[in-house]
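**Student:** Given next are the chains, with one letter for each unit.
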Amino acid sequence: MSSYLLKRLLTMGVTLIGVSLLVFFMIHLVPGNPVTYILGDFATVESIKELESRLGLDLPIITQYWTYMLNAVQGDLGTSYITGYTVVEEILNRIPITAQLALYSVTFGSIIGILMGIIAAVKQNTVYDQLAMLIALVGISAPGFWIALFLILLFSYQLGIFPISGYSGFYSLILPSITLGLGTAGTIARMTRSSMLDVIKQDYIRTAQAKGASLYRLIFQHSLQNALIPVVTVIGMQFGYLMAGAVVTETVFALPGLGSLVVSAISTRDIPTVQGLLLFMASMIILANLVVDLLYTKLDPRIRFD
Amino acid sequence: MKRTFTLLFLTMIVFALILSGCGGKKAKKGNREIIVAAISEPDSVDVHRTSSMGDANSALYDPLMKYDDNGNIVGNLVKEYTVSPDGKEVTFELKEVVEFHSGKPVNAEAVKKSFERLMESSPFKTNAGDISKIEVVSEYVFKITWNEPFAPFFTNATSDYLSPIDVSVLDSNGEGFEKNPSATGALKLKEIKRGDSLVYEPSDKYDWGKEGPGFDKVTYRFIPDEETRILEFKKGNVDVLGSVPYQYIEELEKEDGVTIVRVPNYVLSYLGWNNKKPIFQDVRVRQAIAMAIDRDAIISNTFRGEAKPVFGPLPPATFGYSEKIEEMARSKYAKDLDKAKQLLSEAGWKDKNKDGIVMKDGKPFKVDLWVDDDPANQRAAQIIQNQLKEIGIDLSISVKESATIIEQTPKGAHDMLLWGFGWLDADVLNFLLFGEGKSTRLHYEVEEIYSLLEKGALEMDQEKRLKLYEDAQKLLVEQSPWVPLYVKENITAIRNFEEFEIHPRRNLIMWENVKVAK
Numbered sequence: 006m007s008s009y010l011l012k013r014l015l016t017m018g019v020t021l022i023g024v025s026l027l028v029f030f031m032i033h034l035v036p037g038n039p040v041t042y043i044l045g046d047f048a049t050v051e052s053i054k055e056l057e058s059r060l061g062l063d064l065p066i067i068t069q070y071w072t073y074m075l076n077a078v079q080g081d082l083g084t085s086y087i088t089g090y091t092v093v094e095e096i097l098n099r100i101p102i103t104a105q106l107a108l109y110s111v112t113f114g115s116i117i118g119i120l121m122g123i124i125a126a127v128k129q130n131t132v133y134d135q136l137a138m139l140i141a142l143v144g145i146s147a148p149g150f151w152i153a154l155f156l157i158l159l160f161s162y163q164l165g166i167f168p169i170s171g172y173s174g175f176y177s178l179i180l181p182s183i184t185l186g187l188g189t190a191g192t193i194a195r196m197t198r199s200s201m202l203d204v205i206k207q208d209y210i211r212t213a214q215a216k217g218a219s220l221y222r223l224i225f226q227h228s229l230q231n232a233l234i235p236v237v238t239v240i241g242m243q244f245g246y247l248m249a250g251a252v253v254t255e256t257v258f259a260l261p262g263l264g265s266l267v268v269s270a271i272s273t274r275d276i277p278t279v280q281g282l283l284l285f286m287a288s289m290i291i292l293a294n295l296v297v298d299l300l301y302t303k304l305d306p307r308i309r310f311d
Numbered sequence: 321m322k323r324t325f326t327l328l329f330l331t332m333i334v335f336a337l338i339l340s341g342c343g344g345k346k347a348k349k350g351n352r353e354i355i356v357a358a359i360s361e362p363d364s365v366d367v368h369r370t371s372s373m374g375d376a377n378s379a380l381y382d383p384l385m386k387y388d389d390n391g392n393i394v395g396n397l398v399k400e401y402t403v404s405p406d407g408k409e410v411t412f413e414l415k416e417v418v419e420f421h422s423g424k425p426v427n428a429e430a431v432k433k434s435f436e437r438l439m440e441s442s443p444f445k446t447n448a449g450d451i452s453k454i455e456v457v458s459e460y461v462f463k464i465t466w467n468e469p470f471a472p473f474f475t476n477a478t479s480d481y482l483s484p485i486d487v488s489v490l491d492s493n494g495e496g497f498e499k500n501p502s503a504t505g506a507l508k509l510k511e512i513k514r515g516d517s518l519v520y521e522p523s524d525k526y527d528w529g530k531e532g533p534g535f536d537k538v539t540y541r542f543i544p545d546e547e548t549r550i551l552e553f554k555k556g557n558v559d560v561l562g563s564v565p566y567q568y569i570e571e572l573e574k575e576d577g578v579t580i581v582r583v584p585n586y587v588l589s590y591l592g593w594n595n596k597k598p599i600f601q602d603v604r605v606r607q608a609i610a611m612a613i614d615r616d617a618i619i620s621n622t623f624r625g626e627a628k629p630v631f632g633p634l635p636p637a638t639f640g641y642s643e644k645i646e647e648m649a650r651s652k653y654a655k656d657l658d659k660a661k662q663l664l665s666e667a668g669w670k671d672k673n674k675d676g677i678v679m680k681d682g683k684p685f686k687v688d689l690w691v692d693d694d695p696a697n698q699r700a701a702q703i704i705q706n707q708l709k710e711i712g713i714d715l716s717i718s719v720k721e722s723a724t725i726i727e728q729t730p731k732g733a734h735d736m737l738l739w740g741f742g743w744l745d746a747d748v749l750n751f752l753l754f755g756e757g758k759s760t761r762l763h764y765e766v767e768e769i770y771s772l773l774e775k776g777a778l779e780m781d782q783e784k785r786l787k788l789y790e791d792a793q794k795l796l797v798e799q800s801p802w803v804p805l806y807v808k809e810n811i812t813a814i815r816n817f818e819e820f821e822i823h824p825r826r827n828l829i830m831w832e833n834v835k836v837a838k
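Protein chains in written order, with the working numbering: chain A, 6 to 311; chain B, 321 to 838.
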């Protein structure tokens, strides 16, 4: 197990180096640079050169990358060209909101999705199955901004139950979490349904049924555990993606999370912030993958990494 | 298995609740609190670092000079000033009663240090001119010496970019102003919630007059989504809604207690092109394009009438604007399709194969227009596309990010662009558009115009200066190296105010003239 973990962590390091290389060179290839953005209409040939020199952008690109990575491994992701805040500060400022949003929406999505999946599987080809799959389809295919605006109009504007926008603690994250969680719920419901259908058709379930096991026992003790492996993969991946920030939902609900930060950093060509954020986001997705893989051993004792 | 899941679920919930505690509760809006909804957060509240100043960060600052009610530039933090005979030295005497938010006096030494930081680090330092020396003459008197006279200084000093900051709050690296700003503006920063809001309170060091400030607190909330901003305002959670989208004006006007405040923007939108491209070398082609444009059609279809057409090179808010020039340009370039087609034909552009597109030397008149991702500008671009098609020009539209346009157009990568500029002084023509080695997006380098603009920057006599800019503008109108289009109205929706005013030139809320309704 420990050698497996070590191997995975090493792979993670290599992946992150690959991501950093890709991001660093891609952002330099995109038209538009931070110096002309900052100086805007007031740029002169001299002022461009001066600012490039101050920001270290006049150095060869390989030197810039090397310096960046040397600092990054020491935990210094640089300072934003635009705001003057360090990238670590910016991430730490925003991570509580993004993390909460990811947790709430994945929790909401998992509970609703697994329940809908179970109902659809157990009541296969009935109206319950069709209704559950219809809801799942709407959850997956309805655009996030549309769901967000619908929820805001109904629960915030008309009924006044939740705040329309902004962050003010748990209460203000309920609607954004539902917005994001509906998509997750849809995916999980479909996954749970098909996985459950595979399991409940197996002989040992029929045997348990013949021995008089209750429906509750059949579902939650005999079927669900074995049906959950692909579902856990989806949950883990969704969590990883959501930790990377949900751009549309954060924008509509005016939440100061990582998603809105990365959008503004890209539009201003704030290289250190974009680079730092993308590295952080890649780490989150890789870590979520790792946690999912480790959870497999808990779900199915036959799976061993050593 | 069941235990593992229960444990995992409980851990997630506990973790989530711990995190939710990090945010705290939003305080209930007080009676005299003003909540302003803004589209985006300023990149920095530090005037020497930010790439643009707007309502949310400029209230911290108070400029050295200001416009009086008659449009004359007079002292603001400055009591009086004298200009040396050669125009290279100006001695400023500061008012003695002004203090920074920190309580430190705004004296000659403090202003000198602020200028030194500006010259060292501000992207906008060119607004101060080519300063060679700043000297402290006495406690409240300082002298600036330029390598050459710099006439635009006084207009530029009415902006916040040259406002003094309190450098005593900076750390040893000259940083830290973002977290603990101190300047001389009407508002003092109380709290920064990055990405969410900026909270201000009225500065007790500011001269509010006899009655004092008309409010206790100002919160700028940053709400990027248009629909959400409107709903927050309609629900009554926001008192001031800036940059109201034109399609919502009518709806908001019907809301109880809502007033719509209109102030002309100082930014002039224009249709420009790369004058170095062979296709634009002939003045008749440039004039034909100008004559094909119907500004009123763009304004009514794109901005619901909330903009004013401009024909001359400068918008009305800019020093150097001339009614005479505006009238001259208007009479020359009022929409005239027949004349435009005739000019194109004289320049050799004719519709030989009758496909509606003019040709010359076997090549069709086909150009690309760059426009940013603002939906209103894109609509305007489509109307321009149709208008130019009427004279046989085939215009394609490319939507680009602003950062790309800013970087690529000085390199001449574009054919045409729909863009804008805004500054308070006519020197903007030299700086933004036609100056040598500057960030010109028009690539129009004509010695005669450049020389007049250069002289304008050096001339300290205002009358003579205005005459120089008038001469330059006459040439620009004649040569038509671009098409000035319109100045949009800044639309602000407000509610619950006894008094509320927006500066007509600077487009900023005048906090000394704001009073919350009882």
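For the record, the hints were derived by calculation from the structure and aren't laboratory data.
Just so we're clear, the structure is a prediction, and the values are computed from it rather than from any experiment.
Just so you know, not all the hints are guaranteed correct.
Cut-off 30 Å, straight-line C-alpha distance, at most; resulting in silico cross-link-like pairs (BS3-like, lysine-lysine) [claimed, not checked]:
#1 A:K54 with B:K655
#2 B:K731 with B:K720
#3 B:K510 with B:K530
#4 B:K530 with A:K54
#5 B:K655 with B:K574
#6 B:K835 with B:K574
#7 B:K597 with A:K54
#8 B:K574 with B:K652
#9 B:K644 with B:K574
#10 B:K574 with A:K54
#11 B:K510 with B:K596
#12 B:K596 with A:K54
#13 B:K686 with A:K54
#14 B:K499 with A:K54
#15 B:K835 with A:K54
#16 B:K628 with A:K54
#17 B:K686 with B:K597
**Student:** For each hint, tell me whether it holds in the structure or not.
**Tutor:** Hints, one by one, checked against the model:
no.: 1; hint: A:K54 with B:K655; in the structure: violated, 43 Å
no.: 2; hint: B:K731 with B:K720; in the structure: holds, 15 Å
no.: 3; hint: B:K510 with B:K530; in the structure: holds, 24 Å
no.: 4; hint: B:K530 with A:K54; in the structure: violated, 50 Å
no.: 5; hint: B:K655 with B:K574; in the structure: violated, 36 Å
no.: 6; hint: B:K835 with B:K574; in the structure: holds, 23 Å
no.: 7; hint: B:K597 with A:K54; in the structure: holds, 27 Å
no.: 8; hint: B:K574 with B:K652; in the structure: violated, 41 Å
no.: 9; hint: B:K644 with B:K574; in the structure: violated, 39 Å
no.: 10; hint: B:K574 with A:K54; in the structure: violated, 52 Å
no.: 11; hint: B:K510 with B:K596; in the structure: violated, 51 Å
no.: 12; hint: B:K596 with A:K54; in the structure: holds, 24 Å
no.: 13; hint: B:K686 with A:K54; in the structure: violated, 35 Å
no.: 14; hint: B:K499 with A:K54; in the structure: holds, 28 Å
no.: 15; hint: B:K835 with A:K54; in the structure: violated, 47 Å
no.: 16; hint: B:K628 with A:K54; in the structure: violated, 38 Å
no.: 17; hint: B:K686 with B:K597; in the structure: holds, 12 Å
Taken one by one, the earlier hints fail for this structure at numbers 1, 4, 5, 8, 9, 10, 11, 13, 15, 16, listed in ascending order.
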